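Those protein sequences? They're chains Z and W, same order as listed.
Mapping of the first sequence onto our numbering: position 91 corresponds to residue 91, and the numbering continues sequentially without gaps.
Mapping of the second sequence onto our numbering: position 176 corresponds to residue 176, and the numbering continues sequentially without gaps.
Simulated from the structure, these hints should not be mistaken for lab results.
Be careful, since some hints might not be right.
[To be verified] If you anchor each label on the Cβ, the simulated ranges turn out as follows:
1. W/P38 <-> Z/Q6: 15 to 23 Å
2. Z/Q150 <-> W/R61: 58 to 66 Å
3. Z/G217 <-> W/K8: 34 to 42 Å
4. W/S177 <-> Z/D10: 29 to 37 Å
5. Z/V164 <-> W/H31: 52 to 60 Å
6. W/F114 <-> Z/R4: 53 to 61 Å
[Unchecked claim] With the C-beta cut set under 8 Å, the calculated list includes, among others, these residues of chain Z facing chain W:
7. F5
8. M73
9. A74
10. I75
11. D76
12. R78
13. G210
Please read all numbers here as calculations on a predicted model, not as lab measurements.
Don't be surprised by glycine CBs; every beta carbon is placed ideally from N, CA and C.
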Amino acid sequence: MRSRFQQGLDELKEKLLRMGGLAEQAIDRATEAYRTRDPKYCQMVLTGENAINEAEREIDELALDLLAMQQPMAIDLRFILAVVKINADLERVGDQAVNITQRVLDLISEPPIDLPVDIPKMADAVSTMVQRALESFLDGKAEVAEAVLQMDGIVDRMKDEAFVVLVQRMHDDPASVRAALDVLLIARNLERIADHATNIAEDVIFWVRGADVRHGGAHFRE
Amino acid sequence: MGVGIEVKGLNAWYGKNQSLREIDMSVPANHVTAVIGPSGCGKSTFVRCLNRMHETIPEARAEGTVKVGEMEVYGDTDPVEVRRRIGMVFQKPNPFPTMSIYGNVAAGLKLNGFRNRKQMDELVERSLKLAALWEEVKDHLHKKSGASLSGGQQQRLCIARALAVEPEVLLMDEPASALDPISTSKIEELIFQLKQHYTVVIVTHNMQQAARVAELTGFFLMGSLIELDKTEKIFTNPADKRTEDYVTGRFG
Numbered sequence: 001m002r003s004r005f006q007q008g009l010d011e012l013k014e015k016l017l018r019m020g021g022l023a024e025q026a027i028d029r030a031t032e033a034y035r036t037r038d039p040k041y042c043q044m045v046l047t048g049e050n051a052i053n054e055a056e057r058e059i060d061e062l063a064l065d066l067l068a069m070q071q072p073m074a075i076d077l078r079f080i081l082a083v084v085k086i087n088a089d090l091e092r093v094g095d096q097a098v099n100i101t102q103r104v105l106d107l108i109s110e111p112p113i114d115l116p117v118d119i120p121k122m123a124d125a126v127s128t129m130v131q132r133a134l135e136s137f138l139d140g141k142a143e144v145a146e147a148v149l150q151m152d153g154i155v156d157r158m159k160d161e162a163f164v165v166l167v168q169r170m171h172d173d174p175a176s177v178r179a180a181l182d183v184l185l186i187a188r189n190l191e192r193i194a195d196h197a198t199n200i201a202e203d204v205i206f207w208v209r210g211a212d213v214r215h216g217g218a219h220f221r222e
Numbered sequence: 001m002g003v004g005i006e007v008k009g010l011n012a013w014y015g016k017n018q019s020l021r022e023i024d025m026s027v028p029a030n031h032v033t034a035v036i037g038p039s040g041c042g043k044s045t046f047v048r049c050l051n052r053m054h055e056t057i058p059e060a061r062a063e064g065t066v067k068v069g070e071m072e073v074y075g076d077t078d079p080v081e082v083r084r085r086i087g088m089v090f091q092k093p094n095p096f097p098t099m100s101i102y103g104n105v106a107a108g109l110k111l112n113g114f115r116n117r118k119q120m121d122e123l124v125e126r127s128l129k130l131a132a133l134w135e136e137v138k139d140h141l142h143k144k145s146g147a148s149l150s151g152g153q154q155q156r157l158c159i160a161r162a163l164a165v166e167p168e169v170l171l172m173d174e175p176a177s178a179l180d181p182i183s184t185s186k187i188e189e190l191i192f193q194l195k196q197h198y199t200v201v202i203v204t205h206n207m208q209q210a211a212r213v214a215e216l217t218g219f220f221l222m223g224s225l226i227e228l229d230k231t232e233k234i235f236t237n238p239a240d241k242r243t244e245d246y247v248t249g250r251f252g
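Take these sequences, add in the hints, and give me the full structure.
In structure tokens, the structure reads:
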């Protein structure tokens with residue numbers, strides 16, 4: 001067994017999971033900022049983004065080193081490729097959390113307004129997707145990843161519903177346009193995070209089974 | 001042009017030790033097929049059975065069917081004719097040390113009774129060109145001995161010698177393992193070019209080399225062919241766990 005190589009793979013996994021933890025934390029803090037209208041949570045997300053970006057760089061560097069120095073094959077090669085892609089998705093999750101906090105900062109600069117959209121519920125579903133996707137990566141469980149893929153449709157529907165009711169609200173009450181637009185953008189940011197969780201789940205399936213399940217198919221190399 | 005190889009129920013022994021077990025394998029014409037596996041897995045024995053080199057070792061024998069094109073290798077065919085049609089290049093370059101570069105390439109032709117000097121000149125030039133050595137040696141074909149060349153050049157000389165007798169199949173047993181990286185990449189590039197004219201089977205310990213040069217790769221383990229598939233498949237997502245353990249270095 002190539003122990004030095006295995007150590008490198010373990011380190012890569014650990015770094016990615018740690019980064020995943022930071023990304024999850026960013027979603028939770030952004031949601032908390034929305035729920036409480038407390039700018040301190042926004043600040044936490046903005047500060048935390050640097051750590052996510054730094055982690056992204058470190059992971060890419062280690063993955064590149066392992067590819068260059070160890071010439072991995074088969075499941076190890078698929079693992080490293082999956083890590084590189086998941087890494088990019090997690091970084092984007094961090095960016096989306098920042099986008100959410102920017103909308104929240106705009107929202108709290110105005111008096112609160114009651115809108116008929118349950119953002120914390122949507123954020124909960126999205127956060128669960130990210131959590132499960134990372135869990136499937138931790139344990140190499142393709143079936144957990146498959147469950148994540150199923151959840152994406154639910155979040156898409158939530159966003160579509162939010163769009164309909166918010167457009168109606170803007171139409172009925174022009175004074176609410178600014179806040180409604182902020183919430184609409186937050187719903188879209190959350191939906192994007194769900195897409196990243198879906199990508200992560202697809203990459204886990206590719207790593208574990210060697211199957212490309214992107215774009216609704218199950219493509220095995222012939 | 002190269003021809004395909006069909007192997008069925010091939011078994012081989014060294015004395016009482018069985019080194020190949022019931023090998024069935026199809027090697028397509030004009031492709032490079034790599035044979036990989038740990039030491040002692042039977043990969044060299046396998047290629048040596050393809051041109052009846054195996055039986056040249058005392059107490060070694062083989063049974064089964066090997067068809068190269070229309071030729072039954074283990075039929076009534078003369079082993080010398082088998083080896084003319086199925087050339088072989090070995091791990092260590094082995095030019096005839098006392099012969100000139102020209103003499104080395106022409107050796108096989110002379111052995112086969114070839115006497116026409118003009119045609120021989122043409123064949124030597126063609127073979128050296130095919131082996132990507134012509135430009136480096138054309139000015140001292142008769143002056144320099146084969147042994148005066150560098151290791152990489154010697155190996156290309158051996159390839160030219162094998163090609164001179166116009167084989168249909170070229171077997172290569174670790175052809176670059178004794179060479180430096182630059183010579184290795186020249187040989188690899190050459191192998192890739194040669195498949196236009198020949199069917200190439202290469203034994204290699206170097207998995208990256210198999211990945212670089214071969215379209216198909218077969219994995220041998222303890223005398224059995226475990227898996228034969230497109231090289232991309234073998235190195236990214238092999239079907240058999242034993243292949244995966246080997247290519248990822250988890251073997252043993």
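Here's how the hints hold up against the structure:
no.: 1; hint: W/P38 <-> Z/Q6: 15 to 23 Å; verdict: 19 Å, holds
no.: 2; hint: Z/Q150 <-> W/R61: 58 to 66 Å; verdict: 60 Å, holds
no.: 3; hint: Z/G217 <-> W/K8: 34 to 42 Å; verdict: 37 Å, holds
no.: 4; hint: W/S177 <-> Z/D10: 29 to 37 Å; verdict: 32 Å, holds
no.: 5; hint: Z/V164 <-> W/H31: 52 to 60 Å; verdict: 58 Å, holds
no.: 6; hint: W/F114 <-> Z/R4: 53 to 61 Å; verdict: 55 Å, holds
no.: 7; hint: F5; verdict: 7 Å, holds
no.: 8; hint: M73; verdict: 4 Å, holds
no.: 9; hint: A74; verdict: 5 Å, holds
no.: 10; hint: I75; verdict: 6 Å, holds
no.: 11; hint: D76; verdict: 5 Å, holds
no.: 12; hint: R78; verdict: 7 Å, holds
no.: 13; hint: G210; verdict: 3 Å, holds
Of the numbered hints stated above, none is contradicted by the structure.
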